[in-house]
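Residue numbers (numbering that gives the first Met the number 0), protein chains in the order written: chain A, 0 to 378; chain B, 0 to 78.
For the record, the hints were derived by calculation from the structure and aren't laboratory data.
Honestly, I wouldn't trust all of these hints.
Said to hold, decoys possible - Output of the computed footprint for chain B on chain A, the stretches with three or more beta carbons under 8 Å from beta carbons of chain B:
#: 1; stretch: 30 to 43
#: 2; stretch: 187 to 193
Stated by the list, open to error - Cβ pair distances, simulated, as ranges:
#: 3; chain 1: B; residue 1: His78; chain 2: A; residue 2: Gln38; range: 42 to 48 Å
#: 4; chain 1: B; residue 1: Gln46; chain 2: A; residue 2: Ser336; range: 36 to 42 Å
#: 5; chain 1: A; residue 1: Lys68; chain 2: B; residue 2: Ser9; range: 33 to 39 Å
#: 6; chain 1: B; residue 1: Ser9; chain 2: A; residue 2: Gln361; range: 41 to 47 Å
#: 7; chain 1: B; residue 1: Gln46; chain 2: A; residue 2: Met363; range: 41 to 47 Å
#: 8; chain 1: A; residue 1: Asp26; chain 2: B; residue 2: Ser9; range: 36 to 42 Å
#: 9; chain 1: A; residue 1: Lys221; chain 2: B; residue 2: Gln46; range: 32 to 38 Å
#: 10; chain 1: A; residue 1: Tyr371; chain 2: B; residue 2: Glu31; range: 51 to 57 Å
#: 11; chain 1: B; residue 1: Glu31; chain 2: A; residue 2: Ser336; range: 35 to 41 Å
#: 12; chain 1: A; residue 1: Phe365; chain 2: B; residue 2: Val32; range: 25 to 31 Å
#: 13; chain 1: B; residue 1: His78; chain 2: A; residue 2: Lys171; range: 20 to 26 Å
#: 14; chain 1: B; residue 1: Gly68; chain 2: A; residue 2: Asp26; range: 51 to 57 Å
#: 15; chain 1: B; residue 1: Gln46; chain 2: A; residue 2: Lys68; range: 52 to 58 Å
Since the model is a prediction, treat every value here as computed from it, not as a measurement.
Here a beta-carbon is modelled for each residue, glycine too, at the ideal position from N, C-alpha and C.
Spelled out from the first residue to the last, the chains are:
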Amino acid sequence: MKNILIIGGGTGGCIVANTLAKKLDDDEAQITVISASEQHHYQPGWLYVPFGREDARSLTRPVRSLLKKQINLLIGKVEQLDNENQQVILDNGDTVTYDYLVIATGSVPCPQDIPGLSEGGNHFYTEKDSFALYQILQEFRGGKVVIGVGGLPYKCPVAPLEFTFLFEEFIKEKGLRDKTEITYTFPLNAVFNIPSVAEVAEPILQERNINIETFFNLEEVKADEKKALSLEGTELDYDLLIMIPPHRGVPFLQGHDIADAKGWVKTNKQTLHAGDHKNIWALGDTTDIPISKAGSTAHFEGPVIAKQIVADIRGQELGEDCVYEGHVMCFLETGYSKASIIDFDYSSPPVLKAPNALMHYQKMAFNKAYWYLIPTATI
Amino acid sequence: MENVVITKESDARGSFCPGPLMELIRMVRDAEVGDVLAVISSDAGSQKDLPAWVAKAKHELLGQEDVDGAVKFIIKKTH
Ligand SMILES: Cc1cc2nc3c(=O)[nH]c(=O)nc-3n(C[C@H](O)[C@H](O)[C@H](O)COP(=O)(O)OP(=O)(O)OC[C@H]3O[C@@H](n4cnc5c(N)ncnc54)[C@H](O)[C@@H]3O)c2cc1C
């Protein structure tokens with residue numbers, strides 16, 4: 000019997016584990032998930048927490064409740080990957096061996112990578128930070144607000160734009176719009192890295208009187224002077240700074256042979272193999288594939304890995320559908336109960352429809368349906 | 000360009016927008032003032048984005064050279 004080990008009980012880890020459990024008989028393999036946290040977080044919900052539209056506590060469920068019962072779950076933190084001996088070492092010193100390994104450890108926002116950002120900046124990319132921002136917004140009475148992307152890469156690339164739109168709506172409803180100046184910043188020469196998304200988003204920012212500062216690569220935050228400085232020499236004064244920190248892969252991958260210095264696993268963009276290792280795969284945020292780090296990316300990658308493992312265990316030929324074609328699908332909330340959808344793959348860039356109410360309500364419904372459809376690998 | 004001594008060069012061929020630009024930004028962050036940096040890009044978007052970024056950041060674009068159909072951008076870190 001083969002041992003399949005999946006590190007991570009988030010979106011990608013749960014999808015792969017449940018897909019494998021559905022496909023394999025109990026005597027073919029033992030499937031084990033190791034998760035650092037007992038809880039699985041529905042991170043897209045954190046976008047709404049600062050505005051009081053979601054309660055952070057309702058966005059988590061025990062990982063155990065999302066996994067099929069034949070899957071073994073270990074709560075613990077992997078501290079070392081010893082791929083020569085096909086084993087991982089946990090923080091309590093335990094060793095877990097594997098025949099097949101799937102890495103789905105996600106990404107970590109690292110405000111400490113930019114001087115002053117932890118002290119001067121806020122964000123909504125963790126449960127704690129989204130709730131802290133809720134408290135700040137409750138007290139907010141107007142001023143200069145700078146919202147932006149503090150460094151690349153970061154997960155859910157459209158979330159900072161969505162946050163900006165929702166923030167503008169929020170302060171307008173509070174009657175503070177005329178007391179508030181909003182500036183949106185982005186590191187590249189456009190408001191977003193995909194041109195068709197930038198073409199939709201930029202006019203909306205302009206219509207809503209939101210200043211745009213492109214080519215803004217955050218270099219330093221002077222928290223005591225309330226200034227955000229860019230590598231390009233731009234200085235922005237702020238009363239409230241909301242900056243998405245640059246991300247890294249998890250610590251045990253940083254500098255490991257299968258990853259780069261920042262912990263992004265060197266991943267084959269089609270088979271999702273980690274480097275030349277034929278029994279190791281990576282999916283979701285932790286890969287170095289130059290594509291959006293999004294739950295939907297993990298959703299479309301998961302079955303590609305599961306099929307390869309099943310075929311290998313059964314000695315079967317791989318089908319042509321056993322490659323990941325770069326499919327990503329995300330909503331783009333534009334505020335005032337409207338949204339658009341962004342759907343693309345490696346060969347076809349997204350074509351966006353004008354934001355509309357139907358898409359917004361689809362996103363709202365998806366936020367609730369997530370638990371039943373996605374980590375359970377129902378769709 | 001014969002007289003220019005390149006301090007550090009990066010071959011970003013095969014990586015797409017914003018790869019080559021981010022590579023240049025990473026190099027500028029790590030370099031000393033006065034260093035000459037070179038980035039080779041095969042992405043069409045770089046033709047516009049790299050010189051625009053160098054102008055915005057007030058560094059100096061010393062030149063562009065053709066390298067087997069790709070473009071080598073040579074930049075001096077000025078501050
Ligand atoms: C504000 C916000 C909005 C978002 N909106 C969207 C959206 O609209 N659409 C979309 O598709 N995506 C969205 N995302 C992104 C999405 O949540 C992530 O891309 C997705 O969760 C990635 O899945 P993953 O499995 O790679 O990582 P995660 O879901 O983050 O899971 C990582 C898992 O690894 C575990 N882990 C980490 N380190 C270790 C270790 N050392 N040992 C053991 N276990 C470990 C963690 O405990 C966790 O269980 C959003 C994210 C945020 C923050």
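Checked hints:
1. 30 to 43: violated (count 0)
2. 187 to 193: Satisfied; 3 residues make the cut.
3. B:His78 <-> A:Gln38: 42 to 48 Å: holds (47 Å)
4. B:Gln46 <-> A:Ser336: 36 to 42 Å: holds (41 Å)
5. A:Lys68 <-> B:Ser9: 33 to 39 Å: violated (51 Å)
6. B:Ser9 <-> A:Gln361: 41 to 47 Å: Given range 41 to 47 Å: holds, Cβ gap about 42 Å.
7. B:Gln46 <-> A:Met363: 41 to 47 Å: 42 Å Cβ-Cβ, so the 41 to 47 Å window holds.
8. A:Asp26 <-> B:Ser9: 36 to 42 Å: Check failed, 51 Å falls outside 36 to 42 Å.
9. A:Lys221 <-> B:Gln46: 32 to 38 Å: Given about 35 Å between the Cβ atoms, the range holds.
10. A:Tyr371 <-> B:Glu31: 51 to 57 Å: Holds: the Cβ-Cβ distance is about 56 Å, inside 51 to 57 Å.
11. B:Glu31 <-> A:Ser336: 35 to 41 Å: The hint (35 to 41 Å, Cβ to Cβ) is violated, given that Glu31 of chain B and Ser336 of chain A are roughly 52 Å apart.
12. A:Phe365 <-> B:Val32: 25 to 31 Å: violated (50 Å)
13. B:His78 <-> A:Lys171: 20 to 26 Å: Given range 20 to 26 Å: violated, Cβ gap about 40 Å.
14. B:Gly68 <-> A:Asp26: 51 to 57 Å: holds (56 Å)
15. B:Gln46 <-> A:Lys68: 52 to 58 Å: holds (57 Å)
Comparing the model with each numbered hint stated earlier shows that hints 1, 5, 8, 11, 12, 13 do not hold.
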